[in-house]
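Chemist: These protein sequence lines map, in sequence, to chains U, B and C.
Counting in my numbering, the first sequence tops out at residue 1170, every number present.
Counting in my numbering, the second sequence tops out at residue 479, every number present.
Counting in my numbering, the third sequence tops out at residue 304, every number present.
The set of hints was computed from the structure by calculation and includes no laboratory data.
Each residue gets a CB set at the ideal place from its N, CA and C atoms; glycine is no exception.
It cannot be assumed that every hint is accurate.
[Stated by the list, open to error] Here are some, though not all, of the chain B residues that point toward chain C, as calculated from beta-carbon distances under 10 Å: (1) TYR116; (2) VAL117; (3) GLU135; (4) LEU139; (5) VAL143; (6) LEU150; (7) VAL157; (8) ALA158; (9) LEU162.
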Amino acid sequence: MKTEILKIAAAHLKPFLLILSLVVLYRGHNEPGGGFIAGLLAGMAYVIYAGAFGVGKAKQLRLAKPMFFMGLGIGIALFSGMIGLMNGAESIFTGVWTTLTFGTYSLKLGTPLLFDLGVYLTVAGMLVKIIFTVMEEDV
Amino acid sequence: MLFLPVLIPLISIVLLIGFRHSLKYQQGLSIVSVFAQLFAAVSILLKLSGNGHLVAQAGGWPAPFGIGFVADYTSGLLLLAVSLVAIGSVIYSIGFVDFDRQKNGLFLLYQGLLAGVNGALLTGDIFNLYVWFEVMVISSFVLITLGSEKLQLRASVKYLVMNLIGSMLFVAAIGLLYSQMGTLNMADLAYKVRLQPAPPLVNSAIMLFFIAFGIKAAVFPFFFWLPASYPTPPIAVTAFFGATLTKVGVYVMLRFYSMFAQLDVAFWQPVIFVVAGLTMVFGVLMAASSYDIRKILSFHIVSQIGYMLMGIGLFSVVGLAGAILFIVHNMFSKTATFMAGGLIYLYKGSYDLKKLGWIYKTKPLLAFLFLIPALSLAGIPPTPGFFGKFLLLYAGFDGAHWSITIVALVVSILTLFSMVKIWNEAMWKPEKITADLVAKKVHPAAWMGTFIVVLLTLFLGLTIGYTYDYFAEAARQLLDPMSYIKAVLPETP
Amino acid sequence: MSLLMAILIGFLYAVSIYLLLRRSIVKLVLGILFLSYATNLMLFFAGGLTETSPAFADPNAGAEIIQTSDPLPQALILTALVIGFGVAAFSMVLIYRFYKETGTVDLDELSEPEKS
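Given only the sequences and the hints, what does the whole structure look like? Please build it.
Modeler: If you want it as C-alpha cells, here you go:
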C-alpha cells in the first residue's frame, strides 16, 4: 500500500492528528472527548504513517517508543492519584483543582486531567505497539 | 492503606517497564514487589483484628456513590495467601521459565495478574470487580500465550472464548441489576435487596452472576476449558494460575452467596450442592484416568473447586471456615505439587507417568517435596487438606446434608488413589531408560520456590490450632452480612 | 422503542452465537466482537431509555433542565468498551499468530487426538 498520495497525506496528517488528539484530551472533562479517544487518535497518527512508509521507518520516528509511553502513562495516572494524598486528603484519587490565568485566558487544570493524560499515553502506546507488532511480520 | 495491595503491583509494572532491558533488575524488582505485597497483606490483617471491617473510599466520595475497597477476614486471609504463593511462584519462575519468556514480560504479567487478583479480593463495587477481573484475565490471556507454541495457541483459543463469554455474562448481569436496583455498590445492593422483596429480574441477574463466576471458577458444566488450557504454558505459570484465577472466582461466589443468594436458601442450596457434587466427581474421575502429571493436577483443580462450593452451600460457621481454609490450603498444596512436577520435568524431561520412574531412588528429596502437598490434596493428617476436609465433612454431617457429604468422602478416596498413582508410577516404578535423560543443572531458584510453598503447606497444617480462629472469624463475618453493610454505610438503621 | 432495542440486542446475541459456533477462527473473533457489542448495548439501556434528555447538563440553563439521562451506565460502557478494545486487540494478534504458526484458520483441523 505504498502510494504517493497516502505518503503525502500521512506525513501531513501526523502532526494534525497529534494536535487534534491534544485538543480532544483537554476538552474531555466537561465535553465529549477524553484520554481514551485522544490516545486512539494519537496512535492512529503513527499507524497511518506506518501504513504509508512501512513500519521500519515509522519506528525511527522520535516519539515512537510505545513501551516507554505505556509505562510513563501508567506512572502518570498513578501519580495523579497520589497528589491528593500529598495535599492531606484521606484517600487516593482525591481531586485537586487549580486554575491558571494568562490575562484573559484561564486554563482549568486538575488531577483528572493528569489522569487522562496517563490514559492517553497508555492507550496510544498500546495501539502503536500492537499494530506495529502485527504489521512488522507482514513485510 | 487498603489500596496498597493494588498500588504495589501497579507501581511495579511501571518500574518493570522502565527496567525492561535488564532481566536481573526485573527479577529483583519482582521479588521486592511480592514481599511488599506480603507486608501490605499482613498489615491489613493486623489492622482487622478489633475493627471488623476496613473501608476506604477512592477519591473521598461517600459510600454508595464512590468506589470503595472493603476488607474483612475472608479477603484479608486470601490476600495473605495470594502474596505468599506469589513469592514462591516468582522465585520458582526465575529458575524454571526459559529466558526468552522471562525477557518478554513474564514478570510484568505476573504483577498485572496480582493487581487484578488483589483488586477483586478487596473491591466493594460490582462494576469495579468486573474491571479487576478483566485486568486479571487479560494478563492471564497473555501469559497463557507467551512463547506462542502451537499447543499453547490452540489451548488459548478455548481459554479466551470461555472466559470472554463469562465476562460478557458478567456485564449483562451488571446491566440487569443496575436497571432494577439503581446501584452497584455491594453493601447498598445487599441492603436494598433486604428492604423489600426484590424484583424478579434481580434473581435472573444473580443467576447470571453465578454462571459467570462458575465459568471463571471452572465448576461442573463449564469446566472443560481448564484442563484443556492449563497444561500448555510452562508449569510455573500453571502453578500460579491454579493458585489465583479459579480461587478468585470461588471467593466472589462466596461473597455473593453471603450478600444476596442466602436470602433464598431453599433455591440456592440444592443448586450449589448438585453443582459441587458433580464438579468433584467429574474432576476426580478425569484425573484418575489421565497419565500426564499436568493433566492430573489440572483435573484436580476442578475436583477441589467442588469442595469449596460445598462449603459455600453448607453456609454454617464450620462449613464456611472449612471452605476458606480449603481455598487457602489449595493455593499452597496445588502450587506445590505443580512445582514439584515441574522439577521432575527438569530432571527427566517428561510429564508422562508411563515414561517416568525411580525418582524416589535417584532424587529422594524431590520425592519428599512432592509427597507432602500430594498427601495434603488427598487429605492425610497433619496436612491442611485433612483439616479442610474434616471441617467440611463435620459441617455436612452436622447439617444433615448426607448425600453431598458422602459424595465428598468417596471423592477424597479417589483423590488419594490418583495421588498414589503418581507416586507409584513416577517415584517407585523402575525406570525403563535408566540413565537420566536430561541431567542438566537445575537453577537453585526452582528448588527454593518449591521449598517455600511446601513449607507453607506444612506450616498451615501444623499451626491449624491457632489459625482456625481466623478462619472461623471470617466465616462469622460472612454469615452476618449486616455487619458488612453497616461498615460501608454507617447511616443504615 | 425499548421493544425495538430488545429485539436488536437479541439479534446481536444470536449473530454472535452463530459466529462463535463456526469453525473458522476469524469468525470466532467476529463472534466475540458481536458478543461484546450486544452486551454493551444492553448495559446502555440499563439506565433507562429516555428521549431528548441530555447526558450533560448545560451549566447556563439554570433550573430549566431537571431531567438528564443517567450518566452511570454510559461511564460503565466506556470502561467496558476500553476493555473490549484490549480484548479485541489481543484476539487479533492471537489469530494472526495462530495462522502464522499453524497455516490454517480452521479450528477443526487442529483437533488432533489427545495424546496421553
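Chemist: Please go over all the hints and tell whether each is borne out by the structure.
Modeler: A quick look at each hint next to the structure:
1. The restraint placing TYR116(B) at the interface with chain C holds, with a minimum CB-CB distance near 8 Å, inside the 10 Å limit.
2. A distance limit of 10 Å between C-beta atoms decides the matter here; for VAL117(B) the minimum to chain C is near 6 Å, and the interface restraint holds.
3. A cut of 10 Å between beta carbons decides the hint on GLU135(B): the least distance to chain C is about 8 Å, and the hint holds.
4. Annotation: LEU139(B) was flagged as interfacial toward chain C, and the flag holds, the nearest CB pair being 5 Å apart, inside 10 Å.
5. Interface hint at VAL143(B): satisfied, since its Cβ lies 7 Å from the closest Cβ of chain C, which is below the 10 Å cut-off.
6. The restraint placing LEU150(B) at the interface with chain C holds, with a minimum CB-CB distance near 5 Å, inside the 10 Å limit.
7. Below 10 Å, beta-carbon pairs count as interface contacts, and VAL157(B) has one with chain C at about 5 Å; its hint therefore holds.
8. A distance limit of 10 Å between C-beta atoms decides the matter here; for ALA158(B) the minimum to chain C is near 5 Å, and the interface restraint holds.
9. Using the Cβ-Cβ criterion of 10 Å, the hint placing LEU162(B) at the interface with chain C is satisfied: the shortest such distance is roughly 7 Å.
Of the hints listed earlier, there is not a single one the structure fails to meet.
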